[in-house]
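Enquirer: Chains as they are written, first to last, in full-length UniProt numbering: chain A, 1 to 415; chain B, 1 to 415.
It should be emphasised that the hints constitute simulated quantities derived from the structure, not laboratory data. Just so you know, nobody snuck in bad clues.
Since the list can't tell identical chains apart, any single copy or any two copies may satisfy a pair.
In the DSBU-like style, the derived pairs of lysine-lysine whose C-alpha atoms are separated by at most 35 Å in a straight line are:
| hint | residue 1 | residue 2 |
| --- | --- | --- |
| 1 | Lys158 | Lys174 |
| 2 | Lys69 | Lys158 |
| 3 | Lys69 | Lys165 |
| 4 | Lys165 | Lys248 |
| 5 | Lys232 | Lys248 |
| 6 | Lys149 | Lys69 |
Listed below are the residues making up each chain.
Number of protein chains: 2
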Amino acid sequence: MTQPYTATTESHKTSMLSRKFGQEIINYFSGSPLNRVSFLRSSTAFLRAALPRSKFLLMRDLEPLAASKTTLAWVGYETVRELVGNPFDTEEEEFLRGYDSRVEIPTLVFLGMNEEGTGGGGGGESFEFEGEGGKYVGGPCFALDVTEKGSLKEECEKVQEEAVKGAEGREFRKVRLDLSLVPSDAAILAQARSLLDWNNRNQFCSACGARTVSVHAGTKRICPPSDKAFQKDPEGPPFERPPCISRKGIHNIAFPRTDPTVIMAIINSTGDKVLLGRQRRWPKDFYSTLAGFCEPAESVEDAVRRETWEESGVRVGRVVIHSTQPWPYPANLMMGAIGEALPGGEEIVLKHDPELEDAQWVEVGRVRNALQESTGTPDVEVEGAIEGQLRLPPSTAIAHQLLLAVVNGFHLAKL
Amino acid sequence: MTQPYTATTESHKTSMLSRKFGQEIINYFSGSPLNRVSFLRSSTAFLRAALPRSKFLLMRDLEPLAASKTTLAWVGYETVRELVGNPFDTEEEEFLRGYDSRVEIPTLVFLGMNEEGTGGGGGGESFEFEGEGGKYVGGPCFALDVTEKGSLKEECEKVQEEAVKGAEGREFRKVRLDLSLVPSDAAILAQARSLLDWNNRNQFCSACGARTVSVHAGTKRICPPSDKAFQKDPEGPPFERPPCISRKGIHNIAFPRTDPTVIMAIINSTGDKVLLGRQRRWPKDFYSTLAGFCEPAESVEDAVRRETWEESGVRVGRVVIHSTQPWPYPANLMMGAIGEALPGGEEIVLKHDPELEDAQWVEVGRVRNALQESTGTPDVEVEGAIEGQLRLPPSTAIAHQLLLAVVNGFHLAKL
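Throw the hints in and build the complete structure from the sequences for me.
Expert: Structure, rendered in structure tokens:
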């Protein structure tokens, strides 16, 4: 499902960068058809006009309403109106002045504008907004959490029922394991899932412990300076909360979190073998590239060298970044790299870090065969799998793309 | 101060990847001399043995104790013993059983082992630890927050006084703006600063609002299940806290946060101009590459295209990642990319997002001259600066390295 970069003009296909580096790989979960128009999220005028013309992706326990195994389902404003109301009728400043932490607000996130209009990919009714920077035309899309819980339980249940009514096959669908959604819908789902999960897990301020509230259409959470829940005089002003360091200075806690990770195809110093490893919980014969989290203040290149050494004992020299892939479980951004082991640093030692059950140097030819003949996700049983036959991740995984780059001579290519 | 990758063997310098991609750029703030041995952070036996033989980097309000403008200062265990105590005498499990949120604990973070021994870079006494994966030899290094506040105020002040005593020039030094630390110390500082800042800003659980506590030597924070502060019977068991979603399932809130950002040199479709922009607060004539934060579930390549369009109106096709740079203000990881504008997509429109005051297509030759003759940080006044002469960031900034790659023909090179 990974697609080569689709150029919008013919000449781009033979651009200078393409000539040198080959076509760009757009990995699964990236390449969204939506324009995020991030600068419009703080425009109440835009959001107010867009909301009733929008399509909504409903999520229950972080799983989306799907039309089928391969496509998401969308509902119109009429289905969610009672739950959502008109949150953008009030300017943010005014809303914050009246903030009351006792009132539960459904999590509603603006995803972007589908510029291809009304068809497919969740685009709402085509809509035109005249902003300071020009005209923005497209179908606005939101994600909405309809998990039945708390004081919104009944309203959420009603929306869930309404949403599947009369539409055969529509259901809230666990999509994680099969990666069967079409790539454009997978990219939209990844964005929706990451943002709803982040909102859910950041209901309290990590700096002071007080309730937070979503602003900018679900893409920012702040620790409001006052709260009616603690108002002493019902006629007086809202209760002032104690000072919080999240209200001043440079910090990141108001914004969604994305965790950079590294994933790397390591070739040996003679270029004929690739380092593969397997986790204990994976099915027999399933291997992949090594991977791990970037540490604070560590470059991607350093993280590749550290993680490879910690997990396998192999020492890596030169590292080149190949492509990247968002992975919304929970909120990772995978930096795919090709690295080269240092001569004399190729001995495998698994005992530093017990994360891997095994790591091996595998001949490039064997990797090529497995990429063609024997791929799948570790969670899906394969019928008729031959014992001892190497199994590798599917083309939707960046691990597959990195290995493909190596077997295609990424490191040797004369361009 | 950016150094080419220093290969540990001669043959690495002419490795397959190097032949194709040139030498790796190790950007300022990366390339730390410390081995993080991340798997040893959960070994109390290791930490207990290492602590008294360690060197400590003291930080006050996130600024380090420095020996000079270019080097950090380190103190031994004797200087911090009274403040720090013996936190690793107790196994983590036991410590958590007796957790009391009323007791303030100084923030102490294990940074890693200096494998070059005792000299420079903060290495402590050379120390050998026999772990399951083998012998780990080096000088262990910690960072310690000695900001005078709360119940630890007096002890922190004492450590501060003791640390500067008799050592001329030692002071807590604001190092942000001048980037004058030697690269190895800058990388250590970046790690220390990121981790202390994250600990400071995550004293409360973002999922439930309760107090969190540092484990794994400052590299993880958890929301403990019980707390003596709420104990009803002083003889009874510690108070059980309500369930918290941070105690189960896959999530990231226990771990340090790093924010991926993109920074990109965009070339026009004929390859003779580079897109530069300037922020309002920068001095006149100072320009740099465009940059911005990655969004949730967005690849680096997509983020480069989105940010470039939002800030400048320019539409970008192919994107190639060049190198990366940690930036510890507060905790960014900059993904440096070279991108190519689409033919017909080169018109500059600043009005979408008001972030930039100006953006311009600048001829490659003019960029080359400025990189050689007129660089500096935007915060430092330059004496004798000629009005109208383009000024660009210094070689310590990845923006400089990206522009250098372009003027050196990165996108055109025949390898």
